[in-house]
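Engineer: When you get a sec, could you build the whole thing from the sequences and use the hints?
2 protein chains.
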Amino acid sequence: MTITSFHPPQRTLMGPGPSDVHPRITEALARPTIGHLDPEFIRMMDELKSLIQYAFKTSNRLTLPISAPGSAGMEACFANLVEEGDKVIVCINGVFGGRMKENVIRMGGTAITVESDWGRAVDPKAVEETLNTHPDAKILAFVHAETSTGARSDAKTLCELARKHNCLTIVDTVTSLAGSELEVDEWGIDAIYSGSQKCLSCVPGLSPVSFSEAAIEKIQARKTPVRSWFLDMNLIMGYWGGDGKRAYHHTAPVNQLYALHESLCLLQEEGLENSWERHKLHHQALVAGLAAMGLEMLVPEEERLAQLNAVVIPEGVNDGAVRQQLLAEYNLEIGAGLGAFAGKVWRIGLMGYAANQTNVLNCLSALESALLRQGHTFTPGEAVKAAISIYQ
Amino acid sequence: MTITSFHPPQRTLMGPGPSDVHPRITEALARPTIGHLDPEFIRMMDELKSLIQYAFKTSNRLTLPISAPGSAGMEACFANLVEEGDKVIVCINGVFGGRMKENVIRMGGTAITVESDWGRAVDPKAVEETLNTHPDAKILAFVHAETSTGARSDAKTLCELARKHNCLTIVDTVTSLAGSELEVDEWGIDAIYSGSQKCLSCVPGLSPVSFSEAAIEKIQARKTPVRSWFLDMNLIMGYWGGDGKRAYHHTAPVNQLYALHESLCLLQEEGLENSWERHKLHHQALVAGLAAMGLEMLVPEEERLAQLNAVVIPEGVNDGAVRQQLLAEYNLEIGAGLGAFAGKVWRIGLMGYAANQTNVLNCLSALESALLRQGHTFTPGEAVKAAISIYQ
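Heads up: the sequence lines are chains A and B, in that order.
Note that the UniProt record's numbering has the first sequence beginning at 1, numbered continuously upward.
Note that the UniProt record's numbering has the second sequence beginning at 1, numbered continuously upward.
It is possible that part of the hints are untrue.
Put simply, identical chains are the same to the list, so a pair is met inside one copy or across any two.
With a Cα cut of at most 27 angstroms, we get these calculated DSSO-like pairs of lysine-lysine [what the hints assert, rightly or not]:
id	residue 1	residue 2
1	K223	K101
2	K223	K87
3	K101	K49
4	K49	K164
5	K49	K344
6	K385	K49
Just so you know, these hints were derived from the structure itself, not from any lab.
Structural biologist: Below, the structure written as structure tokens:
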């Protein structure tokens with residue numbers, strides 16, 4: 001069997017991520033590989049740290065990209081902060097909260113769960129009650145932007161509650177970074193992780209993380225070694241730490257880091273707050289269009305993420321057939337439902353570079369065509385018109 | 001502070017990795033990102049699995065790239081195969097054997113070490129004695145190609161010994177894959193990991209791994225969960241497993257996988273055995289040239305790796321000054337010594353695409369110039385002449 005070079009099709013990525021990659025980022029990715037201890041590379045790493053601090057709105061000195069996808073960033077937070085026997089309160093309102101619970105268990109901790117409805121924000125009252133019931137809890141963990149449902153939780157309030165109860169916080173911002181308001185220092189988040197492939201429009205494979213001084217103290221005071229050599233922040237600090245020395249830990253994914261650097265340059269050029277606003281604008285246009293086709297959103301308006309739109313699949317419409325048609329005829333990817341919502345919702349991403357007017361209008365037109373073929377009744381043309389009215 | 005795009009210099013990478021990346025591979029890296037559940041992507045994954053099987057010479061069904069660097073591939077092997085209390089015999093003849101020991105400890109296992117001299121192969125007799133002394137050992141772990149010293153161990157013999165003593169094997173082939181003879185099925189290796197950035201000439205960031213049926217059985221029979229969610233092969237099998245379904249586990253590093261696919265296409269085009277031979281040829285030329293400058297190799301001839309050449313730094317020569325001159329004046333990176341060999345050896349890599357005549361001759365010329373400046377005495381011009389005589 002002879003296998004030849006793989007040439008992927010050119011898609012428009014409006015699923016839950018990866019999102020469309022900015023051409024400047026793919027160009028950066030292909031720049032010449034240099035050594036991970038090269039002085040030029042180390043200069044780039046220093047810049048990268050500043051850029052991630054900018055995106056997270058933090059001055060945390062322990063701020064860096066984990067050399068693996070967001071799931072590894074999640075694991076880096078739990079593996080370092082949870083010690084055997086630690087009680088961790090985990091908020092679950094979708095797939096990724098459930099994954100946090102799994103992480104606590106793998107690290108030998110005890111997970112106390114606070115369940116909220118899928119498709120809704122985490123309920124701060126339920127969290128407060130649980131914090132009261134478990135005064136010995138050490139950590140509160142929650143997902144800021146639940147990628148499986150499109151719900152945004154009130155991270156600021158949840159962090160306040162945690163602080164009041166002497167808990168550190170671990171916050172999943174894989175989908176929120178650069179797409180929604182996020183203030184690490186202002187809100188007092190202790191450990192945060194994100195992903196490169198969502199609102200940063202970078203290729204998938206990296207996970208920016210950041211740790212507060214309180215988190216670093218807990219990591220350094222551990223009685224048992226971190227259950228991962230690869231993700232042990234005590235060791236990773238030696239390579240990324242600010243003391244000028246760069247002790248070899250593992251070979252950095254050099255070209256991916258070029259790409260992340262470029263994506264963060266783009267973010268800085270646009271301005272973080274402008275990026276949040278842009279996501280909001282295109283979200284409003286998309287939602288107006290979807291409503292004109294008679295489609296309903298899963299998440300109540302005040303809890304919706306701009307960058308991930310869970311749309312209820314109407315009765316009688318074939319989920320798979322629609323997504324297949326969009327992919328085959330429009331090269332357009334939208335996301336399927338995950339977990340409890342498989343077959344029940346679509347997840348339309350408007351992330352980073354993909355959050356633009358062309359994509360919104362194309363997606364609405366393509367969806368209109370697919371829904372008409374499925375016999376869903378509405379007035380053709382109204383969706384695009386409704387979206388355009390938002391832009392005017 | 002405004003940070004602008006990073007433009008790396010064009011280096012020749014003749015250190016311990018990353019090695020020079022083939023232009024077809026950087027080109028593949030920059031191809032359009034598509035979704036990790038896209039049917040076209042899944043077709044590429046199937047091809048990628050076949051290609052990795054080809055490179056490892058295995059028909060193991062559990063063969064795939066871990067979405068992170070070689071250190072994570074190492075951890076994937078130990079995290080899945082070592083359970084609390086398991087006794088693991090770890091051979092240490094350099095930095096990476098020591099890292100294996102660390103991995104055993106992190107997973108709650110007991111590491112029994114067999115120490116061999118750094119710069120030498122693992123001693124099979126010492127291993128056999130230890131296997132005899134510890135009949136309850138479950139696993140034998142060793143490094144095939146020790147990147148810190150350039151020594152090649154006899155993997156075939158070590159695997160035979162392990163089998164005789166009912167031990168599974170975990171073998172580090174980060175530096176050997178595609179550069180030295182390696183036969184996973186023939187030698188009976190149970191768990192193997194490698195890296196993308198060495199003799200495959202791909203960008204750093206991925207770790208091809210493979211597990212035998214016996215290893216899969218041990219993983220599936222575990223009594224305690226794997227101490228990593230991200231690297232749990234029970235879950236990863238759901239995405240990469242051969243049953244036709246692709247259950248979402250984590251977002252694959254799409255573009256990096258394009259690059260790995262392309263690098264393995266190149267390997268298949270050249271032919272695996274031809275690649276081994278090519279590394280040998282350029283190694284011989286390099287060694288002839290180094291000898292003509294009066295330089296000595298660290299490792300005895302029969303235990304040397306072709307792709308990683310540890311050269312003893314002559315008395316009176318300033319390690320840092322030489323490497324800095326090579327980098328500044330020739331854009332040439334060679335490696336420093338690691339661990340016990342810091343300041344005592346250089347590590348000259350001839351890996352993958354970097355293993356070519358131009359690189360060998362350039363490296364010898366550059367080193368000649370640097371050594372002359374350091375006052376090292378030898379007849380100029382003889383090094384290149386000696387290397388050329390090998391090519392003729």
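Engineer: Now, for every hint given, state plainly whether the structure supports it.
Structural biologist: Hint-by-hint comparison with the structure:
Proximity of K223 to K101 under the C-alpha cut-off of 27 angstroms is found in both arrangements, the shortest distances being 22 angstroms within a copy and 19 angstroms between copies. Proximity of K223 and K87 under a CA criterion of 27 angstroms is satisfied in both settings, with 16 angstroms inside one chain copy and 23 angstroms between copies. Proximity of K101 and K49 under a CA criterion of 27 angstroms is satisfied in neither setting, with 29 angstroms inside one chain copy and 31 angstroms between copies. With identical chains, the CA atoms of K49 and K164 are never at most 27 angstroms apart, being 30 angstroms at best within one copy and 51 angstroms at best between copies.
Taking the shortest alpha-carbon separations for K49 and K344, neither the intra-copy value of 40 angstroms nor the inter-copy value of 33 angstroms comes in at or below 27 angstroms. For the homomeric pair K385 and K49, neither the shortest alpha-carbon distance inside one copy (43 angstroms) nor that between copies (47 angstroms) is at most 27 angstroms.
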